[in-house]
Amino acid sequence: MAASPIRHALVAALLVLPALASAQTVRGTVTNADGGDPVPGVAVSVPATTIGVRTDVDGAYEIELPPGQRRLQFSFVGFRTQDVTVPEGQTVVDVALEEDLLGLDEVVVTGLGTSVKRENSALSVETISARELAEVTTPQTLDGALNGKVTGAVVNSNSGAPGGGINIRLRGITTINGNSQPLYVLDGLILSNDAVSNGVNAVTAAAGGGNASSQDNPANRIADLPPEDIESIEILKGPSAAAIYGARAANGVVVIRTKRGAAGTTEVGFEQTVGVATISRKRGSRAFTAALAEEEFGASGLAAFDANGGQTFDLEEQIYGNEGLLLTSNLSISGGTDRTQFFVSGIVKDDEGIVEGTGYEKQSGRVNLTHRLSRVFEVDAGANYIRSVARRGLTGNDNSGTTFGVGLVSTPSFIDLRPGADGVYPDNPFNSANFLETRDLADIRETNNRFLGNGRLTANVFTSATQSLQLIGIGGVDYYALDQPSVFPVDLQFEEASGLPGTSVLGRTTNLNTNIQALAVHAYAPEGRQLSFTTQLGLTAFDQDYNNVFSVTNGLISDQQNLDQGSSIQTTQTRFFQNDRALFAQEEVNYADAVIVSGGVRIERSSANGDVGRYYAYPKAGLAVNLTNLGLLESDAVDLLKLRVAFGQTGNTAPFGSKFTTFGTATIAGNIGLDLGAQRGFADIEPERATEFEGGVDLTLFNGRVNLEATAYAKSIDNLLLNRQVPFSTGFTVETLNGGQLRNNGVELGLSLIPVSTDLVQWISRTSFWTNRAEVTQLDVPAFQATGGGFGNTLGSIRIEEGKSPTQIVGVDDTDGDGRSDGVFALGDVSPDFQMSFFNDVSIARRLRLTVFGHWKKGGEVINLTELLSDLSRTSADFDEDNDGDGTPDGPQRLGQLGVTARPFVQAASYFKLREVGLYYDVAPSLFGPLSGSLRTLRVGVSANNLFTITPYKSYDPEVSNFGNQAVASGVEVAPFPSSRAFNVHLRLGL
Amino acid sequence: MTPTLPRVALSPSSLIGVAALALAVLASGCDLVGLDDDPNPNGLSLEEILADPSEARLSNAAVGVETSARTGLGTYLVSVGVIGREYWRVSPSEPRFTTDLLGKSEATLNDNTFYITTPWAARYGTIRNANTLLLGLDANQTLSDAEKAGGRGFARTWIAYQYLLNLNLTFENGLRFIEPGDDAAGPIVGYGESLDRIAALLDQAASDLNGGTFFFPTSLVRDVPAAPVDYGQINRALAARVDAYREDWQGVLDALDDSFVGAAAPLTVGAYHVFSTAAGDIQNPFFFPLDGGGDGVLAHPSFVADIAPGDERIGKVEARTEPRTFDDLTSAFDVDVYETPTSPVPVVRNAELLLLRAEANAQLGNAAAAVADLDVIRTAAGLDPYAGPTDTAALIDEVLRQRRYELYAEGHRWIDARRYGRLGTLPIDRAEDDVFEQFPLPEAETSDPTA
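Those protein sequence lines, which keep their order, are chains P and S. In terms of the working numbering, the first sequence has 627 at position 627, counting the first letter as 1, and numbering is strictly consecutive. Here the working numbering = 1-based position in the second sequence + 991.
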């Protein structure tokens, strides 16, 4: 390109004069130490200056070394950074980069526009690579793929239903009534993670009884994201790291980066997975005899027993015994030139569940483009369209006997629910529904259409040897339209019996998230000093517009489902709009990669606050001291010893509407009335504030073969959003207020090893340990049952109480053994004592690769009410056994304790799960035969998900939550969708 | 020399780009800085109504009193009817209907469980709605005095009735009273004093209703099947019930004189909660399918066992195809009082008033008058006129018996047995079951520091 004279003049005018003195040009090629292929895109820079270039398609580079500078640094994602001292006079420097097997040289986020090398970070930031996330086996959803992989997180699957529904809590309990889920940011776009109930409560009436919380078991919308498209996930676990995200970040931030193309040959990857899902664990059922049937259910029981000639059926197998076919196809194409890189992917997933008719489908298409317009401008844009369909069945609690789960436990094994030769399903005499009929005839699904778009424009406005200024504009949009139709035809047993047979439910939700960020990043490295400063200023705007319309029609015309095909239509609508605005500033000072100090503040206001004009400030600070780079440590064994300490604050904005006391409406005799809602508003509502101090040591030994990361943190949350129960005599039942304090203390340890590294065998091992202790240190209200914290003290409930763990389980108990309840006592705690994860990856001859990922949760209890319901219906498998040897069979013994003690329901829920196992083989190119012209790589493999679980827990899965994602309360089980295990066969082609 | 890789690049084209970027940021400036402070999009707020208590809004508020009076009604009927051994509520997913409420084994009534918290909170919710109406009436500038008086009488009648229903649950554990506009209720007041205050509220409401007019529609008064009943008469009917509970027998008779009691009128005349399938409306919460195997209401076997031959009220229960056994309880009958999802639930009706009059007369020694009213009830049920002894004790036995059958599944038997000290006569179904006398106050009341 011909440069214009004006441009030359400008260059001449603005160019730094000192550079003219005796700058030296150095050039060379960067290759992969393993194999010798050129590596394009490697950052080549002069430390302690702002000078840097990238290698081209052939791995070649050319850079100016300013006078007095002799060092060059080579860094690239996935490789260990190399520092090279260029001897005087040498002009060619070729470098071979080693793979970064332990992720020691990753960069981690420090600001909205900046990142630093992990080595220089004052924080513990967890990074999960594509390989760990989605390449061991094929996870169904993103949230499921994270389970067990995040040190410091409690990840809990709410049920085994297809399509997600997973609770993620980072570093303990951060809220009691606010939003408890982390903030998800994808390529700068703030994602929606709503969990929208599908409204089957219209049939189950689950919320009508002892607990008004939603028990529809919704999936979080983060489940839509295909894990296959993700390059890496960084997890900012606590406020020290997450302060840059302000008032939405109190629960931590999950920063997702999708895959990008790289300059060079266009790569085409295709993967096909075929698998099967089966129930991972059954509960079993009581063996009935004629005598037992009569004893338990009287003459009618005996008659029912005899009606089938004494035959018994494995009802659990009938409902949960489906062998679900799992199919995932994934095609990706990536490549590009020096200036333009692209990544295109298409994913089609069609998974069946372990209940016939249930399943999860997803189709996703993504395009990511990066283009350098000029030396100044770079644009990066991504677009993703996702369609997902979840058919999650009807499980969990009910008050109408309609769910599969309650139906199963209430039906003794001598009942035959299968349809007769005429296709007619018999009525279930032991429940209001024949769950096989409901499974086959009802249609419960949710279909989501979602678009994610994000763009980033970077302007390198100014660059000199000592300074650079970058302006960055980021915009994103996340729109989804969710349809949740459920149809219960008139012929269903419970519909026939109802006054208005036939129910059609339709929920329609649209949500639009938009966010804009404008940033300026200034870097300054004064010449001749080993100092650099990075200054960042910016503003962000986030808007959410949510609209949910939900209708139920009863009294359907046979075989029809449209809302106008029934005699009674009920409609509700919920809208909310939230605007958040923030300004932030941040400064980082780096002295010779040895001492790194950073500080910043974000000020933010939100329309959800009582005072919408008020800015709340969230500061942060960090200090990292690299003793190795400081020269204080001279040891061949020690590559890196870093001490770090950080502080930060984040907020958690009150749920929309907390400031209002709102009237609901109801009609009677055709007139509309105003009925004051049960929640008393709090006009001065403020965000919660989380404050965290974090400190740690990072140690790397023996040429990167051993890496230890140890972190301790103390996190307190003040000004808690409390949904306290008020005396009902006020006419309200709850109100939200600010008050009280929670504290979390925790330790996180990560040990990464390369125990064996030879040409033949390479073994990478990562072991993590984490533990957290939470306490309610101050509570300005009387102790209360957490939202979704169970069904009252008789059955055990999760109680928020000053001086106690926020996840403690209390219940009635008989302390003196007189067979009477003596009051309410602490009986357990949902939170585990500690967790550990074990990730081992062994590759042999660089062709065969075995990956094993195990997860151990030690301690923690779950309130198991499935067992209670099956005891009440006399169907528990161990009803007649006497496991404690006291002469009383277990079933009657447990039933006799009902109302006396809740102890039988509070059950140990430790587990060890072999979550993922994968074995892959790369077929040697010499065997490609006629395909060798087109085929680049061929990989075949087998994998398993949830291969086995070891637990003392007495139901399907100790990972369970009847109430979905609650801030505090998980771990209440009522007849859930059982968990499944999956086996997969994989074929991956590289073209 | 010209560097091959210039470190500075500010060409005109890039300057234009920078300007464009800056403009883009500025153009979106309002979005980046501005913030909306919207009212709640999902409904009127309390503050909005009190700031502008227009006639239309207050009319909606009045209707809201009647709509909300139905909230939790199903649970109330379960709580009092199960303890009163009228029926058993069985549910494969909710054990406490047949454990706690029946006192199975060592189970007791808990103070934080739905069977007390749901109806208790719902009744105070209605009181709150009625109190909001009272506040609005005070602040309104357009309604006439008669309209305001009518509104106040309406609100206070409802408030009194809601207190009474909660007092039925907690009995000697008492109640808390809350005044319009107050953020917290007063201290706990015992049974006797609570009844007196409820009676006083009803009296105050009666004087408001006398001469007051309604500017809002009401659905409570049902001409079932004839004879319009006005709110003042409903007020007196409720006052008669309260007086009976207070054992002020002359008071019962006086109140009944101003009520809609009538020996010649159908027994069903009265005030009812109504239901429909219309949008925004609710259906009868005590409607359960017959002959079901899941959630349902089984008639207590004693209802059938104890019924007099020829009593047509046997139609209030329906024989099942097969008897049902649940949690060691077996019954061959379902309750069939509310036959459709839109069947109305009585607040107070003529049959109760006749029986209240019979009871008061029996207590006052007016045996003939008592028998006359009893015979209206008996005849309507297809029974012969009363031929038993006419001493007070015998007549009270007969009144309670007729109340048991006539007002079956309308929430009376437990309270009647309690006020005559006859809880011990209620049947015990399983060896260690208990008949509880009263519910504990909800934990939310007793744990409140202001209590």
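These aren't lab readings, by the way, just hints derived from the structure by calculation. Worth double-checking, as some hints may not be accurate.
[Unchecked claim] DEER-style ranges, computed between Cβ atoms:
no., chain 1, residue 1, chain 2, residue 2, range
1, P, G310, S, G1373, 41 to 47 Å
2, P, R418, S, D1319, 25 to 31 Å
3, S, D1027, P, R705, 54 to 60 Å
4, P, T815, S, T1381, 40 to 46 Å
5, S, A1130, P, T815, 52 to 58 Å
6, S, E1303, P, E801, 20 to 26 Å
7, S, A1378, P, Q560, 45 to 51 Å
8, P, G420, S, E1303, 35 to 41 Å
9, P, R418, S, G1373, 44 to 50 Å
10, S, E1428, P, G310, 42 to 48 Å
11, P, D350, S, T1312, 49 to 55 Å
12, P, G420, S, D1319, 55 to 61 Å
13, P, A592, S, D1027, 47 to 53 Å
None of the values given here were measured: they were computed from a predicted structure. Note that beta-carbon positions come from the ideal geometry of N, C-alpha and C, so glycine has one too.
Consistency of the hints with the structure:
1. G310/P x G1373/S: 41 to 47 Å: Cβ of G310/P to Cβ of G1373/S: about 46 Å, so the range 41 to 47 Å holds.
2. R418/P x D1319/S: 25 to 31 Å: With a Cβ separation near 30 Å, R418/P and D1319/S satisfy 25 to 31 Å, so the hint holds.
3. D1027/S x R705/P: 54 to 60 Å: With a Cβ separation near 56 Å, D1027/S and R705/P satisfy 54 to 60 Å, so the hint holds.
4. T815/P x T1381/S: 40 to 46 Å: violated, 55 Å
5. A1130/S x T815/P: 52 to 58 Å: Because 54 Å falls inside the window, the suggested range holds.
6. E1303/S x E801/P: 20 to 26 Å: violated, 56 Å
7. A1378/S x Q560/P: 45 to 51 Å: violated, 58 Å
8. G420/P x E1303/S: 35 to 41 Å: holds, 40 Å
9. R418/P x G1373/S: 44 to 50 Å: Holds: the Cβ-Cβ distance is about 46 Å, inside 44 to 50 Å.
10. E1428/S x G310/P: 42 to 48 Å: holds, 47 Å
11. D350/P x T1312/S: 49 to 55 Å: For T1312/S against D350/P, whose Cβ atoms are near 44 Å apart, the range 49 to 55 Å is violated.
12. G420/P x D1319/S: 55 to 61 Å: About 32 Å separates the Cβ atoms of G420/P and D1319/S, which means 55 to 61 Å is violated.
13. A592/P x D1027/S: 47 to 53 Å: holds, 49 Å
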